[in-house]
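Spelled out, the chains give:
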Amino acid sequence: MIFNKITLYNFGPYYNRQEYDLRPRVKNGELCPVILFGGKNGAGKTTIFEAINLSLYGPSSLGPTVTKSSYEEYLFDKIHRNTISNEEINKASVELEFSHIHLGFRNIYQVLRSWKKNGKKIEEQLSIKRNGDVIEDLDRDQWDTLLKEILPPGIAQTFFFDGEKIRKLSGERSIDRLYMVDSIEALLGIDIIKRLKSDLVTYSRKLDKEKDNSLYVNKIDDLNQKKEDLSKNLLMLKQDRAQNETRISWLKSQISLLEEKVALSGGEFSEKYGKLKSEDEKLKVEINSFEDALRDICHGVLPFSLCSDLCKKLTERIQYEQNELSKQSLHNEIKKHVIKLTEEIMHSEEFKSIETKKIDSFCEYMVQASYKILQATLEFNVSTCVINDLSRNDIEKLTSWVHQALNEMPNNVSTLCKRINEAKDNLKKVEANISRVPSEDAIRPLISQLNQVNRDLGAISTTAKKQDEDIKKNEFHLDHIEREIKKINQDAIDSSRFTEKLRLLAEIQEILVDFEDDLKKHKIKELEDTICDLFNQLCRKKNLVSRISIDPSNFSHTFYDERGNKIPRKSLSSGERQVFAIALLWALKKISGRPLPLIIDTPLSRLDSDHRSNLVNIYFPNASHQTLVLSTDTEIDNSFFHELSPYVSHAYHLNYYEDKKMTIGEIGYFWEGN
Amino acid sequence: MKLNKIRVSSEATHKLGMLKSRTGLTPNILCRMGFCLSLNEPGIPNKEQYIEDGMEFNRYTLTGQFDTLFVSLLKERCLQDKIYADGDLPEYFLAHVNRGIELLYVRLKSLRDLTNIL
Numbered sequence: 018m019i020f021n022k023i024t025l026y027n028f029g030p031y032y033n034r035q036e037y038d039l040r041p042r043v044k045n046g047e048l049c050p051v052i053l054f055g056g057k058n059g060a061g062k063t064t065i066f067e068a069i070n071l072s073l074y075g076p077s078s079l080g081p082t083v084t085k086s087s088y089e090e091y092l093f094d095k096i097h098r099n100t101i102s103n104e105e106i107n108k109a110s111v112e113l114e115f116s117h118i119h120l121g122f123r124n125i126y127q128v129l130r131s132w133k134k135n136g137k138k139i140e141e142q143l144s145i146k147r148n149g150d151v152i153e154d155l156d157r158d159q160w161d162t163l164l165k166e167i168l169p170p171g172i173a174q175t176f177f178f179d180g181e182k183i184r185k186l187s188g189e190r191s192i193d194r195l196y197m198v199d200s201i202e203a204l205l206g207i208d209i210i211k212r213l214k215s216d217l218v219t220y221s222r223k224l225d226k227e228k229d230n231s232l233y234v235n236k237i238d239d240l241n242q243k244k245e246d247l248s249k250n251l252l253m254l255k256q257d258r259a260q261n262e263t264r265i266s267w268l269k270s271q272i273s274l275l276e277e278k279v280a281l282s283g284g285e286f287s288e289k290y291g292k293l294k295s296e297d298e299k300l301k302v303e304i305n306s307f308e309d310a311l312r313d314i315c316h317g318v319l320p321f322s323l324c325s326d327l328c329k330k331l332t333e334r335i336q337y338e339q340n341e342l343s344k345q346s347l348h349n350e351i352k353k354h355v356i357k358l359t360e361e362i363m364h365s366e367e368f369k370s371i372e373t374k375k376i377d378s379f380c381e382y383m384v385q386a387s388y389k390i391l392q393a394t395l396e397f398n399v400s401t402c403v404i405n406d407l408s409r410n411d412i413e414k415l416t417s418w419v420h421q422a423l424n425e426m427p428n429n430v431s432t433l434c435k436r437i438n439e440a441k442d443n444l445k446k447v448e449a450n451i452s453r454v455p456s457e458d459a460i461r462p463l464i465s466q467l468n469q470v471n472r473d474l475g476a477i478s479t480t481a482k483k484q485d486e487d488i489k490k491n492e493f494h495l496d497h498i499e500r501e502i503k504k505i506n507q508d509a510i511d512s513s514r515f516t517e518k519l520r521l522l523a524e525i526q527e528i529l530v531d532f533e534d535d536l537k538k539h540k541i542k543e544l545e546d547t548i549c550d551l552f553n554q555l556c557r558k559k560n561l562v563s564r565i566s567i568d569p570s571n572f573s574h575t576f577y578d579e580r581g582n583k584i585p586r587k588s589l590s591s592g593e594r595q596v597f598a599i600a601l602l603w604a605l606k607k608i609s610g611r612p613l614p615l616i617i618d619t620p621l622s623r624l625d626s627d628h629r630s631n632l633v634n635i636y637f638p639n640a641s642h643q644t645l646v647l648s649t650d651t652e653i654d655n656s657f658f659h660e661l662s663p664y665v666s667h668a669y670h671l672n673y674y675e676d677k678k679m680t681i682g683e684i685g686y687f688w689e690g691n
Numbered sequence: 039m040k041l042n043k044i045r046v047s048s049e050a051t052h053k054l055g056m057l058k059s060r061t062g063l064t065p066n067i068l069c070r071m072g073f074c075l076s077l078n079e080p081g082i083p084n085k086e087q088y089i090e091d092g093m094e095f096n097r098y099t100l101t102g103q104f105d106t107l108f109v110s111l112l113k114e115r116c117l118q119d120k121i122y123a124d125g126d127l128p129e130y131f132l133a134h135v136n137r138g139i140e141l142l143y144v145r146l147k148s149l150r151d152l153t154n155i156l
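Sequences listed follow chains V and F, in order.
When we follow my numbering, the leftmost residue of the first sequence carries the number 18, and every step to the right adds one.
When we follow my numbering, the leftmost residue of the second sequence carries the number 39, and every step to the right adds one.
Note that these hints are calculated values from the structure, not bench results.
Backbone N, C-alpha and C define an ideal beta-carbon position, used for all residues, glycine too.
Just to be clear, a hint being listed does not mean it is correct.
Below, computed lysine to any residue pairings styled on SDA-like, alpha-carbon distance capped at 25 Å [to be verified]:
1. V:Lys489 x F:Gly55
2. F:Lys43 x V:Met363
3. V:Lys299 x F:Asp151
4. V:Lys540 x V:Ile167
5. V:Lys441 x F:Leu156
6. V:Lys490 x F:Ser59
7. V:Lys214 x V:Asn429
Derived Cβ-Cβ restraints for the label pairs, each shown as a range [stated by the list, open to error]:
8. V:Asp225 x F:Asp124: 48 to 54 Å
9. F:Asp124 x V:Ser215: 35 to 41 Å
10. V:Glu492 x F:Glu94: 18 to 24 Å
Whole structure, please, built from the sequences with the hints as guidance.
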């Protein structure tokens with residue numbers, strides 16, 4: 018990431034619009050990473066630092082727990098106050114342009130945070146453009162989040178720092194109390210593992226909820242039991258049915274055998290028997306056809322004959338309602354006519370001679386009187402009107418159905434029933450005749466046997482029919498259960514995959530714990546070595562410290578000398594501790610491998626000339642690909658400026674003009690114009 | 039009347055099966071006849087009495103071309119019972135069907151009994 022430029026508008030001591038180019042330039046074929054801002058105390062160095070922070074993080078640039086009102090107060094205070102021109106300034110803004118490479122694409126972002134006074138309130142606005150266009154694939158309220166994703170504030174803490182932070186880091190307080198543990202972990206790449214771990218926990222909890230293996234087992238057992246029962250039952254039914262079938266065919270053969278015998282024994286009876294037999298057949302067919310006719314009628318209007326009284330009442334109501342409805346429409350017509358008539362009377366020439374008042378009251382009377390007459394018939398309630406939503410066609414149909422049901426059906430049914438009864442009576446007689454003992458003794462037992470067999474056949478056929486139905490039902494049921502079992506088995510297979518997943522999850526979680534430990538150890542070791550190396554490079558006393566050990570839990574550190582003895586913290590000077598803090602920040606940046614710009618605000622104030630020299634010559638040129646250094650004229654003074662100048666891309670002199678009460682940034686450093 | 043599916047009780051379903059084997063009439067027709075029979079019966083059926091746990095019918099196959107007449111008769115009956123309210127009609131429809139099947143089960147032992155219940 019590279020900051021391209023920062024634009025200040027009425028921000029702090031900066032009046033109107035001021036733009037600073039932050040891009041490191043190439044000089045003599047080499048990239049110079051340092052951009053130097055020189056300014057005396059109060060000229061606005063820290064304001065530049067704040068402007069960058071503010072444009073990126075808004076309220077959270079003031080700290081993790083800032084209230085809305087104190088943020089607005091801050092913005093209010095930051096609006097430039099020009100006491101010279103008496104001009105009331107209402108608006109201010111900061112805009113940062115930076116380029117960021119994401120997924121292999123270089124994007125230019127322009128982040129503009131502007132605010133204006135509205136009475137005592139502040140209205141703030143954020144606008145982000147990517148490559149010149151307003152970002153469209155993201156809601157406005159997610160823009161702050163986008164910025165935090167591009168440059169996490171925790172990480173920025175170690176990339177943007179001032180003397181204050183270095184003082185804190187070098188102080189007695191341990192790092193974890195400075196809320197830097199998270200950012201150190203993020204920089205070392207350990208936070209990703211932590212996030213993965215917590216994501217896995219959420220995922221396994223979700224899986225846990227879905228699985229319920231025991232249920233499947235129970236269900237399957239249940240269904241299998243049912244299936245077994247049904248299959249047994251079905252088998253039995255089929256066996257019975259088969260037995261019946263053999264019995265039926267046996268009975269049929271018996272009948273034809275007996276009939277043959279009867280025919281052979283013949284004589285007068287066989288002739289008569291044949292006749293009776295055919296009559297019997299005929300009657301049965303007749304009864305069947307009558308019953309069919311009766312069923313046919315049942316498909317028509319017959320059901321309504323079962324509530325004839327209600328049907329009658331319904332027709333009466335229909336007539337009544339039709340009457341009332343037509344009356345109503347007639348009344349509406351009449352009303353219209355009466356109104357028309359009174360109007361005509363009022364405007365008529367003939368009645369002009371009569372006093373207007375009288376005419377008016379006459380008309381009024383007429384209208385009221387006719388309404389009264391009409392009113393008497395208007396008590397009919399439309400809301401309970403049965404035919405209200407019926408068409409004329411519907412009503413005609415209804416009436417004709419009711420007519421049929423009341424007038425034709427009873428006769429038809431009773432005729433048919435009578436015929437059925439007659440036919441059944443006849444059938445009884447015929448059957449009695451058939452079974453009646455014939456004249457010839459020889460045939461008598463045969464006939465009674467035949468009758469018996471016939472009765473048996475009838476009985477057994479009925480049972481067989483019922484069995485057929487039962488078998489069908491059972492088969493259907495069985496099919497259903499089999500399908501269900503199949504489905505549940507499939508579900509169970511899915512759920513066993515589930516269990517496998519859960520097992521793997523647990524394993525992964527275990528591995529992750531080990532991995533996090535290993536990674537931490539490895540990274541901490543790297544950090545220890547790097548800090549030690551950098552510290553010794555920057556420190557005046559060479560090899561003061563030969564080893565640094567860092568506690569992985571809170572990142573507190575211990576120094577060891579060449580002989581492996583602990584060096585008490587107190588024996589280091591405060592300047593040396595500051596150098597250590599810088600070494601720590603530098604080491605973190607190196608190990609994280611994140612290509613982020615570095616901003617350092619007045620870092621040299623407490624250091625002696627040797628340490629300053631080391632910082633200027635070793636740290637500033639090598640710390641980053643883009644390093645903004647904000648310095649006073651005593652920190653980076655004339656001689657340091659010359660030492661640093663091969664690495665300086667360009668410099669700005671922030672010059673505060675007492676007469677104009679504002680700071681103007683000029684190209685160049687205190688003594689050197691460009 | 040808002041009603042698309044009609045589900046009778048399991049008891050009624052069983053009785054429909056028996057009636058079918060007695061008369062050879064389909065359940066739809068038996069429901070029609072039962073409904074009318076119940077409309078003719080004094081006393082308001084209890085609409086809370088019947089559980090919908092049996093056979094299901096589609097309203098328009100059950101009422102067929104006579105839908106308007108069935109609904110009009112039900113309205114007339116409810117008006118007479120002084121319980122007419124548009125929203126209650128489906129429940130009373132169902133209640134009459136259920137009660138009707140029971141009545142039919144008692145009175146229709148064979149197809150020939152039709153003449154006796156007219």
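Status of the hints after comparison with the structure:
1. V:Lys489 x F:Gly55: holds, 15 Å
2. F:Lys43 x V:Met363: violated, 62 Å
3. V:Lys299 x F:Asp151: Answer holds: Lys299 of chain V to Asp151 of chain F is near 23 Å, not above 25 Å.
4. V:Lys540 x V:Ile167: This hinted pair holds, its Cα atoms lying about 23 Å apart.
5. V:Lys441 x F:Leu156: holds, 21 Å
6. V:Lys490 x F:Ser59: holds, 16 Å
7. V:Lys214 x V:Asn429: Roughly 85 Å separates the two Cα atoms, so the pair is violated.
8. V:Asp225 x F:Asp124: 48 to 54 Å: holds, 50 Å
9. F:Asp124 x V:Ser215: 35 to 41 Å: Taking Cβ atoms as reference, Asp124 of chain F and Ser215 of chain V lie about 58 Å apart, which means the hint is violated.
10. V:Glu492 x F:Glu94: 18 to 24 Å: holds, 22 Å
When held up to the earlier numbered hints, the structure conflicts with 2, 7, 9 and fits the remainder.
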